[in-house]
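Peer 1: For reference, the chains in residue letters:
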Amino acid sequence: EAGVTQFPSHSVIEKGQTVTLRCDPISGHDNLYWYRRVMGKEIKFLLHFVKESKQDESGMPNNRFLAERTGGTYSTLKVQPAELEDSGVYFCASSQDKLAGERNTGELFFGEGSRLTVL
Amino acid sequence: DQQVKQNSPSLSVQEGRISILNCDYTNSMFDYFLWYKKYPAEGPTFLISISSIKDKNEDGRFTVFLNKSAKHLSLHIVPSQPGDSAVYFCAASEWDKLTFGKGITLSVRP
Numbered sequence: 001e002a003g004v005t006q007f008p009s010h011s012v013i014e015k016g017q018t019v020t021l022r023c024d025p026i027s028g029h030d031n032l033y034w035y036r037r038v039m040g041k042e043i044k045f046l047l048h049f050v051k052e053s054k055q056d057e058s059g060m061p062n063n064r065f066l067a068e069r070t071g072g073t074y075s076t077l078k079v080q081p082a083e084l085e086d087s088g089v090y091f092c093a094s095s096q097d098k099l100a101g102e103r104n105t106g107e108l109f110f111g112e113g114s115r116l117t118v119l
Numbered sequence: 001d002q003q004v005k006q007n008s009p010s011l012s013v014q015e016g017r018i019s020i021l022n023c024d025y026t027n028s029m030f031d032y033f034l035w036y037k038k039y040p041a042e043g044p045t046f047l048i049s050i051s052s053i054k055d056k057n058e059d060g061r062f063t064v065f066l067n068k069s070a071k072h073l074s075l076h077i078v079p080s081q082p083g084d085s086a087v088y089f090c091a092a093s094e095w096d097k098l099t100f101g102k103g104i105t106l107s108v109r110p
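Taken in order, these protein sequences are the chains called S and G.
Just so we're aligned, residue 1 is where the first sequence starts under the working numbering, counting upward by one.
Just so we're aligned, residue 1 is where the second sequence starts under the working numbering, counting upward by one.
Since the hints were made in silico from the structure, they are not lab data.
Because the structure is a prediction, the values reported are computed rather than measured.
Note that the Cβ used here is the ideal one computed from N, Cα and C, for glycine as well.
Among the hints, a few may not be true.
Unchecked claim - Partial chain G-side listing against chain S, Cβ under 10 Å, derived:
hint : residue
1    : Val4
2    : Ala41
3    : Thr45
4    : Pro82
5    : Lys97
6    : Lys102
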């Protein structure tokens, strides 16, 4: 079974340009998350999709970031225009939905990440 | 303000000995605590978790201890093996959101 895949693995762009990161979750996983790690710091939550709906986007830094999950399958995260502080590794993760009444316990399957460097 | 803290950036232990990785948290609403392991150029991999209603969970060489009154948890690896060398992230869950610490780099010397 394929794991969570992310593309590109590394992107180098100039300040002001646009970048789109893509994530393909594990097949059948309704929950899809985006996290980001700035160098040397903690991994920070960005947002959570359940199928195609945004369940929680409280971690999105500002309106330069746009995440979509059309059809409830793969997701894209677009940064436009990119700033220097957006550099970091963007991780996507997925998990199966739990049964009614159960809650997700945080056991996520992470992709290898997309490293973004903004010059 | 960091809600999950891993105050030691690195730890070096001899193969065969015990590794103890510590983590502190501030948010009393966290109800699950997890440890993730990360190798370079890979994503974090789930290692072990513990519910807030328990104080210990064991899985093979890995044991996580939770002290709710002290808001402290620790991961014990025994015996440590060179393949355990990686970055270990402590994480806490509140509903569907994980809050991570900065990670600790464990080096196991042969």
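Peer 1: Looking at the structure, which of the earlier hints fail to hold?
Peer 2: 4
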